[in-house]
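Take the sequences, apply the hints, and build the full model.
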Amino acid sequence: KNEVEQSPQNLTAQEGEFITINCSYSVGISALHWLQQHPGGGIVSLFMLSSGKKKHGRLIATINIQEKHSSLHITASHPRDSAVYICAAPRGATNKLIFGTGTLLAVQP
Amino acid sequence: SQTIHQWPATLVQPVGSPLSLECTVEGTSNPNLYWYRQAAGRGLQLLFYSIGIDQISSEVPQNLSASRPQDRQFILSSKKLLLSDSGFYLCAASGGAVFGVTGELFFGEGSRLTVL
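Chains as they are written, first to last, in the numbering used here: chain A, 416 to 524; chain B, 9 to 124.
Just so you know, the hints here were simulated from the structure itself, not pulled from any lab data.
Please read these numbers as outputs of a predicted model, since none were measured by experiment.
Even glycine gets a Cβ: it sits at the ideal position worked out from N, Cα and C.
Please note that a few of the clues may not be correct.
[What the hints assert, rightly or not] No farther apart than 30 Å at their CA atoms in a straight line, the calculated lysine-lysine pairs in the DSBU-like style are these:
no., chain 1, residue 1, chain 2, residue 2
1, A, 511, A, 483
2, B, 88, A, 468
3, A, 470, A, 511
4, B, 88, A, 483
5, A, 511, A, 468
[To be verified] Derived Cβ-Cβ restraints for the label pairs, each shown as a range:
no., chain 1, residue 1, chain 2, residue 2, range
6, B, 75, A, 470, 38 to 44 Å
7, A, 491, B, 66, 21 to 27 Å
8, B, 50, A, 521, 36 to 42 Å
9, A, 420, B, 122, 44 to 50 Å
[Unchecked claim] Over the 10 Å line for every Cβ pair with chain B, so calculated as not near, a few chain A residues:
no., residue
10, 423
11, 427
12, 429
13, 437
14, 443
15, 463
16, 479
17, 482
18, 486
19, 491
20, 494
21, 497
22, 503
23, 511
24, 522
Next up, the structure:
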């Protein structure tokens, strides 16, 4: 069993739909990262959160440390949101990341 | 803000040839530096991390090595490439004098290596 698990692995949505991607982890962490990997391969850090909720534009990330669960929500999805979304948990003081397997999101117009 | 430059962006190399990927960081000093690899259709794997000059740890045994000759320079090398070395390589940085213990991560643009 992976220490960081994501679901679903693949997600197809229609433009405008509300999207939720889930991440569960078994390691003890102080924070969790949500990353976005574009088709070209580049990775952008979307959020790093240790409690509660963070919002950036149409993206919302929540985390429940006690339940070891985090969700990434996209409101009013758009085709440009199509990407792989990855959650990652840092381990130890050196911030080495344990990655989820990623969720491939395709938003169709 | 912190910026990571990584090059080359794309590389096609024959088996047995050497490799050098370079990563430089701007905007902070004394960052933690990481090399990750993503094989086709697979997740990211940590290859090396460094907490300071000449302080490098390897996560998995492999045909690659890393060096950090300067505080903000991280180099990934191989003396003889294997077919299995093909993949997408990402440099990342965290911490440092500016961003401290925020834990925020910054990624380079990535280098796509194809070994033929």
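Hint-by-hint comparison with the structure:
Using a Cα cut-off of 30 Å, the hinted pair residue 511 of chain A and residue 483 of chain A holds, with the two alpha carbons roughly 18 Å apart. For the hint linking residue 88 of chain B to residue 468 of chain A, the alpha-carbon distance of about 47 Å lies beyond 30 Å, and the restraint is violated. Straight-line distance between C-alpha atoms of residue 470 of chain A and residue 511 of chain A comes to about 25 Å, which keeps the hinted pair within the 30 Å bound. The hinted pair formed by residue 88 of chain B and residue 483 of chain A fails the criterion: a straight-line CA distance of about 42 Å is larger than 30 Å.
This hinted pair checks out: residue 511 of chain A and residue 468 of chain A have alpha carbons roughly 23 Å apart, not beyond 30 Å. Hint check: residue 75 of chain B to residue 470 of chain A, Cβ distance near 41 Å, so the stated range 38 to 44 Å holds. The hinted window of 21 to 27 Å between residue 491 of chain A and residue 66 of chain B is violated, with their beta carbons roughly 44 Å apart. For the pair residue 50 of chain B and residue 521 of chain A, the beta carbons lie near 19 Å from each other, so the given range of 36 to 42 Å is not met.
For residue 420 of chain A paired with residue 122 of chain B, a C-beta distance near 30 Å fails the hint of 44 to 50 Å. Against the 10 Å criterion, residue 423 of chain A stays outside the reach of chain B, whose nearest CB is about 15 Å from its own CB. With a least beta-carbon separation of about 18 Å from chain B, residue 427 of chain A lies farther than 10 Å from that chain, consistent with its non-interface assignment. For residue 429 of chain A, the shortest C-beta to C-beta distance to chain B comes to about 26 Å, beyond the 10 Å cut-off, and the non-interface label holds.
Distance check on residue 437 of chain A: its Cβ is at least 16 Å (rounded) from any Cβ of chain B, clearing the 10 Å threshold; non-interface status holds. No beta-carbon of chain B is positioned within 10 Å of the beta-carbon of residue 443 of chain A; the least distance is around 15 Å. Distance check on residue 463 of chain A: its Cβ comes as close as 5 Å (rounded) to a Cβ of chain B, failing to clear the 10 Å threshold; non-interface status is violated. With 10 Å as the threshold on Cβ separation, the claim that residue 479 of chain A sits away from chain B holds: the shortest Cβ distance comes to roughly 18 Å.
Listed as outside the interface, residue 482 of chain A is consistent with that label: its C-beta sits roughly 21 Å from the nearest C-beta of chain B, beyond the 10 Å cut-off. The beta carbon of residue 486 of chain A sits about 19 Å from the closest Cβ of chain B, which is more than 10 Å, so the claim that it is off the interface holds. Taking the minimum C-beta to C-beta distance to chain B, about 26 Å, the non-interface status of residue 491 of chain A holds against the 10 Å cut. A cut-off of 10 Å between C-beta atoms confirms that residue 494 of chain A is not in contact with chain B; the least separation is 22 Å.
Its beta-carbon lying about 17 Å from the closest one in chain B, residue 497 of chain A satisfies the requirement of being farther than 10 Å from that chain. At the 10 Å boundary, the C-beta of residue 503 of chain A falls inside the reach of chain B, the nearest C-beta of that chain being 8 Å off. Not every beta carbon of chain B lies more than 10 Å from that of residue 511 of chain A, the smallest distance being close to 6 Å; the non-interface claim is violated. Its beta-carbon lying about 21 Å from the closest one in chain B, residue 522 of chain A satisfies the requirement of being farther than 10 Å from that chain.
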